[in-house]
Amino acid sequence: MSATLPVYTKKDFQTDQEVRWCPGCGDYAILSAVQSVFPELGIPKEKFVVVSGIGCSSRFPYYMNTFGFHGIHGRAPAIASGIKLARPDLEVWVATGDGDSLAIGGNHTIHLLRRNVGLKVLLFNNRIYGLTKGQYSPTSEQGKKAKSTPFGSVDRPFHPLSLALGAEATFVARSVDVFQPHLKAVLKRAAAHRGAAFVEVLQNCNIFNDGAWDQLTEKELREENTIALEHGQPLIFGKNKDRGIRLSGLELEVVALGHGVTERDLLVHDAQRSNPALAFLLSRMDGTPGFPTPIGVLREVEARPYEALVHDQIEGAIAKKGKGDLEALLKAGDVWEVR
Amino acid sequence: MATTDVPAQRRREVIDRAAIRFCGDSGDGMQITGSQFTNTTALFGNDLATFPDYPAEIRAPAGTLPGVSGFQINFAATDVFTPGDSVDVLVAMNPAALKTNLADLKPGGVLILNTDAFKETDLKKAQMARNPLEDHSLDGFRLFEVELSKLTRAALRDLGLDARSMDRCKNFFALGMCYWLYNRTMEATHRWLDEKFGAKPLLAEANKLAMKAGYAYCDATEAFQVSYDIPPARLTPGTYRNLSGNGALALGLVAASQRAGIPLFLGSYPITPASDVLHELSHYKEFGVTTFQAEDEIAAIGSAIGAAYAGLLAVTTTSGPGMALKTEALGLAVAVELPLVVCNIQRGGPSTGLPTKTEQADLLQALFGRNSEAPIPVLAASTPGDCFWVALEACRIAIKYMVPVIILSDGYLANGAEPWKIPALDELPEIPVRFRTDAEGFLPYARDPVTLARPWALPGTPGLEHRLGGLEKQDGSGAISYDPLNHERMVQLRAAKVAAVAQDIPDLVPAGDPEGDLLLVGWGSTYGPITAALRAQREKGRRIGHVQLRHLNPLPRNLGNVLRRYRQVVVPEMNLGQLVWLLRAKYLVDAQGFNKVQGKPFKQSEIEAKIEEVLS
Numbered sequence: 001m002s003a004t005l006p007v008y009t010k011k012d013f014q015t016d017q018e019v020r021w022c023p024g025c026g027d028y029a030i031l032s033a034v035q036s037v038f039p040e041l042g043i044p045k046e047k048f049v050v051v052s053g054i055g056c057s058s059r060f061p062y063y064m065n066t067f068g069f070h071g072i073h074g075r076a077p078a079i080a081s082g083i084k085l086a087r088p089d090l091e092v093w094v095a096t097g098d099g100d101s102l103a104i105g106g107n108h109t110i111h112l113l114r115r116n117v118g119l120k121v122l123l124f125n126n127r128i129y130g131l132t133k134g135q136y137s138p139t140s141e142q143g144k145k146a147k148s149t150p151f152g153s154v155d156r157p158f159h160p161l162s163l164a165l166g167a168e169a170t171f172v173a174r175s176v177d178v179f180q181p182h183l184k185a186v187l188k189r190a191a192a193h194r195g196a197a198f199v200e201v202l203q204n205c206n207i208f209n210d211g212a213w214d215q216l217t218e219k220e221l222r223e224e225n226t227i228a229l230e231h232g233q234p235l236i237f238g239k240n241k242d243r244g245i246r247l248s249g250l251e252l253e254v255v256a257l258g259h260g261v262t263e264r265d266l267l268v269h270d271a272q273r274s275n276p277a278l279a280f281l282l283s284r285m286d287g288t289p290g291f292p293t294p295i296g297v298l299r300e301v302e303a304r305p306y307e308a309l310v311h312d313q314i315e316g317a318i319a320k321k322g323k324g325d326l327e328a329l330l331k332a333g334d335v336w337e338v339r
Numbered sequence: 001m002a003t004t005d006v007p008a009q010r011r012r013e014v015i016d017r018a019a020i021r022f023c024g025d026s027g028d029g030m031q032i033t034g035s036q037f038t039n040t041t042a043l044f045g046n047d048l049a050t051f052p053d054y055p056a057e058i059r060a061p062a063g064t065l066p067g068v069s070g071f072q073i074n075f076a077a078t079d080v081f082t083p084g085d086s087v088d089v090l091v092a093m094n095p096a097a098l099k100t101n102l103a104d105l106k107p108g109g110v111l112i113l114n115t116d117a118f119k120e121t122d123l124k125k126a127q128m129a130r131n132p133l134e135d136h137s138l139d140g141f142r143l144f145e146v147e148l149s150k151l152t153r154a155a156l157r158d159l160g161l162d163a164r165s166m167d168r169c170k171n172f173f174a175l176g177m178c179y180w181l182y183n184r185t186m187e188a189t190h191r192w193l194d195e196k197f198g199a200k201p202l203l204a205e206a207n208k209l210a211m212k213a214g215y216a217y218c219d220a221t222e223a224f225q226v227s228y229d230i231p232p233a234r235l236t237p238g239t240y241r242n243l244s245g246n247g248a249l250a251l252g253l254v255a256a257s258q259r260a261g262i263p264l265f266l267g268s269y270p271i272t273p274a275s276d277v278l279h280e281l282s283h284y285k286e287f288g289v290t291t292f293q294a295e296d297e298i299a300a301i302g303s304a305i306g307a308a309y310a311g312l313l314a315v316t317t318t319s320g321p322g323m324a325l326k327t328e329a330l331g332l333a334v335a336v337e338l339p340l341v342v343c344n345i346q347r348g349g350p351s352t353g354l355p356t357k358t359e360q361a362d363l364l365q366a367l368f369g370r371n372s373e374a375p376i377p378v379l380a381a382s383t384p385g386d387c388f389w390v391a392l393e394a395c396r397i398a399i400k401y402m403v404p405v406i407i408l409s410d411g412y413l414a415n416g417a418e419p420w421k422i423p424a425l426d427e428l429p430e431i432p433v434r435f436r437t438d439a440e441g442f443l444p445y446a447r448d449p450v451t452l453a454r455p456w457a458l459p460g461t462p463g464l465e466h467r468l469g470g471l472e473k474q475d476g477s478g479a480i481s482y483d484p485l486n487h488e489r490m491v492q493l494r495a496a497k498v499a500a501v502a503q504d505i506p507d508l509v510p511a512g513d514p515e516g517d518l519l520l521v522g523w524g525s526t527y528g529p530i531t532a533a534l535r536a537q538r539e540k541g542r543r544i545g546h547v548q549l550r551h552l553n554p555l556p557r558n559l560g561n562v563l564r565r566y567r568q569v570v571v572p573e574m575n576l577g578q579l580v581w582l583l584r585a586k587y588l589v590d591a592q593g594f595n596k597v598q599g600k601p602f603k604q605s606e607i608e609a610k611i612e613e614v615l616s
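Chains as they are written, first to last, in this note's numbering: chain A, 1 to 339; chain B, 1 to 616.
Heads up, simulated DSS-like pairs for lysine-lysine below, C-alpha to C-alpha not over 27 Å straight-line: (1) 421/B with 323/A; (2) 196/B with 331/A; (3) 331/A with 421/B; (4) 200/B with 320/A; (5) 124/B with 150/B; (6) 540/B with 596/B; (7) 321/A with 196/B; (8) 196/B with 323/A; (9) 150/B with 196/B; (10) 99/B with 124/B; (11) 11/A with 188/A; (12) 239/A with 184/A; (13) 200/B with 321/A; (14) 400/B with 47/A; (15) 320/A with 196/B; (16) 321/A with 421/B.
Only part of the chain B face toward chain A is listed, based on derived beta-carbon distances under 7 Å: (17) 240; (18) 285; (19) 290; (20) 299; (21) 332; (22) 470.
Using C-beta positions, here's what the derived DEER-type ranges look like: (23) 89/A with 190/B: 45 to 51 Å; (24) 351/B with 106/A: 22 to 28 Å; (25) 333/A with 449/B: 44 to 50 Å; (26) 320/A with 433/B: 23 to 29 Å; (27) 41/A with 435/B: 22 to 28 Å; (28) 311/A with 103/B: 51 to 57 Å.
Everything labelled a hint here was simulated from the structure, so no lab data went into it.
Glycine included, each C-beta is placed from N, C-alpha and C at the ideal position.
Given the sequences, and given the hints that come with them, work out the whole structure.
Here it is, written out as structure tokens:
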């Protein structure tokens, strides 16, 4: 297959459809990153299927020159699971948003992760409903003033990474729309993962929630407020690399390096631990005052994907009993002759 | 046939038919008892129909009225169409079962009671003020008072079982009695027990002993003076098996997959009374069947749509509440024009309704219950065995026309069983599948001129990359389109495609009189009682015809013509009048409904009474 694989460029994955996201939308950056990464994966173009639900992010398949399925609100994981079960050889990617995957489709999201179906889920998190014009979403911060919450929302938000880890997803990562090299690197890691890969992409909605991630993305704030996780590396952040994360009992704490505190005291990131508890602690840093927001791969563990297990059973049955014989099946059990 | 020596004073009577009902507490094993009697009866060669009737609660408090579970079987030397309006033999394991079932025992019928369960407390649980064994209220029946628990314990005393385990065998004592009463052998049940209790031979032995003891008890007791022979029925020659509706549906889906040459995918969420189809199909892995127990009803159909897109024969199974949840996804299947089979095993509603009881009130939901114009072909099975054939027909239509298809079955068909003539493989319909492979000139929404089907273009096929979705599409290219005239054209095309299915539907040929005073129009499981009533009434000289509609959308092309050949049209339905509403609207005929919504099938006598009322 690889011998005859055409050399693809980004252009091969672009469609002739006019992209209808608002000018300045973060979705453009995500689309561009995906279109850049797909040609580099060594996979025939016809093997890609992009599945989505409803919302701004879910227009994604129309702009990818691959097989695409624009489903219904929240149900992309179900449709994608059916595709992957039917054809494990396909590379099935799900494009979804915070409303699509965490509100109306929350159930499907956790179950696809629990089962470890070999799908790549890109959750575009802009903390707002865009396509319905500006209502608060399940990831909006408490007190969010939006179209449907003139007095501020009273809902407590989901932390998508915590949720994914709670469902014991085997691959959990985060990147940001405007961090292009980082985003592409995370997408490649997700592509290489066998099993469910969950990637939260922090994304700006410049119309209804502009600047939602400014604290992370502004040039002078980025290194202060984010921490890039690297497997096997100590957790260090800050413009001057002068702060770190230390484990203290069942909590994390931010410590300043120096005055007796060295890198050796810091938590070393281990994405491959089978117990998701430490990754969960990392996922809780965002929103905690004084803590940086983690980006990168929080968890990456191996487990045989769901579709493989399902086909193992089918192939096992065929190996044991031989291919099904319809005539024998119809005549199974107690039968009698009428003459 | 039993070969026991019959004492001189005993008589063996040859009769034509009999109906038995086993009833007791949900924990008494009545469904197993009934199934075993059914299996033996089927193997003997009688025609039969069954009606398992059980509560929604797994174990309502023991001995109470809501906890009563029953199983009725009607078997005969001639054709059987219903489980019987009333029964010849009633086996009641406790006062609650007696109280709720006695009304259906024929005057003079055999009543076998477990007198061990008629103590003061048992009567109280059944809310009976007086002991019916003492107040002569049972004088009109041939009462057999049997100490079932005591006799079973006595039979099993040497096995070393605890009292509770011994008591659980008393249903087999009763089964043994019924085998004696109808001169049946116990071999098939022996085989079943060996298989069921393979790992626990002691329990198999205990049940066999209890059954033998029941049989011997009748032999030894002077009380039983007569036993009955019901000769085998003269069925169409062939090989037969006993089959339930859900079992037939599962077999039909596997058969369709084999005929189509594509693997079967079932996305399903457990729901009564549809779960048995999921259970059944989960065994057939060597046929390449994938069963996916989804997290909810929506994911069940969503996964099936995904599997259909990827080229599998995709199916989802459910009942009313689940059907409601699948509605939006059904609309998606209509829009993306993929083959999909949706099985609704109807139950009493609305909402949770009567989960274990039968009804056919989801017809209009199947036909119209989606937003906007979203037509779907709808089929209904008429007998348990017919579920097999309807499954094949639904798969054929879905693939040929690239449409979702709804199958309507119901709780009565699902759990009821009948002898089923096993077809030869060459009797099964062809289901040709053509996947698009040629990239040259490929348009996702180009249409076949005859069927209006669009091409089935699978992901993974080089050069066919395209996008599908729920947004309105440009005719031909499938690109998103908001053009008003294109939308109207697509609405009409989707409707015309479903209407085109009518070209495959054979003309209706009414049973009974081809024209006359009255046409009975039914659909689904009313087939049995309507057929039985029709036969009885025609023997009285009435000129009646009957059509049972298998295709409910589109309707057979000659239906309008058939309706006009009779002076009156009556439509019996287990709803408030859904098909009759449709027939009146579509054909402008003065059809009248005959409706029953009690969670129970029609009795033959009820339909006969209606016929007599209409024709008097």
